[in-house]
Structures are given as C-alpha cells and as structure tokens.
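Chemist: According to numbering that gives the first Met the number 0, the sequence shown is numbered sequentially starting from 0.
Note that these hints are calculated values from the structure, not bench results. A couple of the hints might just be wrong.
[Unchecked claim] The list that follows gives simulated cross-link-like pairs (lysine to aspartate or glutamate, EDC-like), each with its CA atoms no further than 16 Å apart:
hint: 1; residue 1: K291; residue 2: E370
hint: 2; residue 1: K279; residue 2: D205
hint: 3; residue 1: K393; residue 2: E109
hint: 4; residue 1: K279; residue 2: E258
hint: 5; residue 1: K302; residue 2: D348
hint: 6; residue 1: K119; residue 2: E109
hint: 7; residue 1: K115; residue 2: E180
hint: 8; residue 1: K279; residue 2: E370
hint: 9; residue 1: K119; residue 2: D96
hint: 10; residue 1: K115; residue 2: D35
hint: 11; residue 1: K115; residue 2: D125
As the structure is a computational prediction, the values presented were derived from the model and not from experiment.
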Amino acid sequence: MPQGGNTGYCGGATPFDGERQILLSLSRMNRIREIDPVNLTMTVDAGMVLARVHSAAQEHGLMFPLSLGAEGSCQIGGVLSTNAGGVAVLRYGNARDLVLGIEAVLPGGEVLSELKGLRKDNSGYDLKSLLVGAEGTLGVITAAVLKLVPLSRSRQTGWLAVPTPAAACTVLRRMQRYSGERVISAEYISRPSLELVLEFVPGTRDPLDRPWPHYLLFEVAGGDLESRLRRTVEEIFQAGLEAREILDGMLAGSGRQREALWRLRETIPEAERRAGGSVKHDISVSVSAIPKFMDEAERCLSKLGPCRLSVIGHLGDGNLHYNLRPPPGSELAEFRAGPAPQMTAAVHDLAMRLGGSFSAEHGIGVLKRDELHRYASPATLKAMRALKAALDPKGIMNPGKVLGADRPA
C-alpha cells in the first residue's frame, strides 16, 4: 500500500495487517522534473510536499492553487489519490481539475506514462481521472503534471459576522456578482469553533469586538490594482451591511493580518484535538441546501443525545466539516461508544437525503467503507468492482480500502 505524508482522516494510507501488507513510502521521490512557465505546468514526483510545489511555482511568478491545512507535510501522490479539495475549490476546482497528466505503476508492474501536459487530448479513456481519487487501489501514482496559474496581482481578505448560514450564502453570491469570478475562498466558521481556537491556540485573538454566531472568511484576488479591488470589496461590505446580511466585519490591512485570519481557520482541527477530540464528518450538499442541512442536523442530533458542535467548511463548494464533540464531563472514547454512531448515521442520512455526499474531500479509506456500501447504488458498486477486478485481479493494491475486500468480488 502506498503512503504519502500520512495526513489523511479515513485510514486510506494506514496498514492494518503487518504480516500480509507492504507499506510503500514515496517520500524519497521528491524531484521537480520540469517547470514550463509558458505552458503553465509543473511536472513533479509523487513524494513532493505540497508546500514545496507552492514555493517552486512562486519562483516563476506562478501558483499551484490547491491549498489545505496539511500542505506542509502532505505529498502530491496522496493529494491526488484522495482527490483533495481545500480552500480554493470554489475558483480552481479540486485536485482532479488541476492535473493534466499522470505517471503510475499499475498492479501488473506496467508503467502508465501520460505526462504530456495537454489541455486537450481526446484519444481514449481519461485514465488519469480514474487514478486520481482511487486511493491507491488501482495503481501507485509516481508523478504528475500539475496545472499552474499566474500569481494574482492583488488580493483582499476579510472576516465577516453574519446572522445565519443563509445570510452567509447570500453574501457569497453577492461577492460573486460584484467581483466576477475573483472569489477564491469562502469559509464558514461557527462561533464554537472560533472559541476553541481562542482558548487552545496561543497567540490568537478575536478579529471583532464582540461575539457573533456565524462567520465568513473570504478571499478575493485578481489582476486589478490593489486599490481597485479594495474598493470593490468595500462596496460588497457596505451593500451587505445595508441589507442586514452582514452584522460586522473587518478587512485585512496587511499580510500579517491576512495570515492571522487564516490561522483562525486553519488551526481549528488542532484546537479540537487539544480540547479532547471530536467525531468528524466530511459532508457536502448544494450551497443552497446548506442552511436547511444545518437547521435539520441540529434538530436531529438533539433527539439522540447531548453533544457540542464544531462546524466549519468550504461554503463556496457546499462542503461542511460537521464535527461533534462530547458533552461537558464526557470523554471522546465514551462518546464514541455511546450516541456518536447514531449521530454519524443521522448526519450522513440527512446529507444524502438532501442530494449530497457523506464524503466530500477526505476519501473513503477504511473508516467509510460501510457508508459507501450503504449509500452507493448497486450499479455504482458493480462498476467500481468491475474496474478493480480488471486492473487489479489479484487485489494487491491497497487491499481492504474503499471497496473493502482483499480480492474484488
């Protein structure tokens, strides 16, 4: 089984049979093979750490737009194998949208080398898209051609207090109307999540003078002059205040302030761990369904027992991390052994009932195999098993993950 930076949440890169499984680390495959600033591509080995990809692109005035909290340790192979999302999916798409070519070792030992870096290639099946998101069950990704974009000339980051999740969605759409397609990120943060950071992460502070129940962290970037983009964002802010969609807010006035705002968002998982841990959920629904999901989820959970919520997410693409913490006086292990499984089922059932997904960006791995079999249609599972059987008839690639059986049925 292949392993990258080992930063996943679902056990997809974790061996569970020390006698029958071989752990394959790709960390020493960490070269930049080529940067083509004209074609806007970078070809890298699968063991390259994501932050190093960012740095290398910036040296050429370019950017690889996939960004996530674990970018200092996660590796490209793992990022692609899980089809990672992150905070810039709203504008640039997820990992699959940012790959133009791939190299992989297939189960029979053959090397699939498709590193052309073409944006148009209609010569058969799109094998790279099949391998991206397969979590190492169909082959081992060893290199990829990544899509780059020019660095933005200007960037504005803001922190807004909003009265409801519905208002946050409305503000996002207003931003997109006012600024065109320049909204890169729109992150929802609940007040309980922010309070965890303020309590458990040293050096953090509340951006606003008083607490509010819901927040929206946004970033807008483009080729405009900094002053022009700032005026656009201020117009959005003012319009939101007048419509009472925004209650309060602030715009970062420097790079340091921008980093401080993003630190509040990115350290929430760390704060949850320091506070005793949480039961994590990685669901997605349409953006328009987010307010309904949040309203109904809280009502459903209240019938199953007490818990504390920590809700954050990538509002712009409908992905919520709807995390549950044990009630005061209860440990995480006790919570997991008690109402947590029923609560997880309720969260996932609701997401699926609203036309969403129980796994938005973290993959299936081991932890969500049962959910895949529960929610996927028979036709979907049949097609997945057929692909697995055709490419990996001996079931040697990351056995036990995703579909679950060592040998496909």
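Chemist: Run every hint past the structure and note whether it holds.
Modeler: Tested hints:
1. K291 - E370: violated, 22 Å
2. K279 - D205: violated, 24 Å
3. K393 - E109: holds, 15 Å
4. K279 - E258: violated, 25 Å
5. K302 - D348: holds, 15 Å
6. K119 - E109: Violated. K119 to E109 sits at ~25 Å, over the 16 Å cutoff.
7. K115 - E180: violated, 29 Å
8. K279 - E370: Satisfied, since the Cα-Cα distance of roughly 14 Å is no more than 16 Å.
9. K119 - D96: The given pair, whose Cα atoms are some 13 Å apart, holds under the 16 Å limit.
10. K115 - D35: Within the cut-off at roughly 12 Å; holds.
11. K115 - D125: holds, 13 Å
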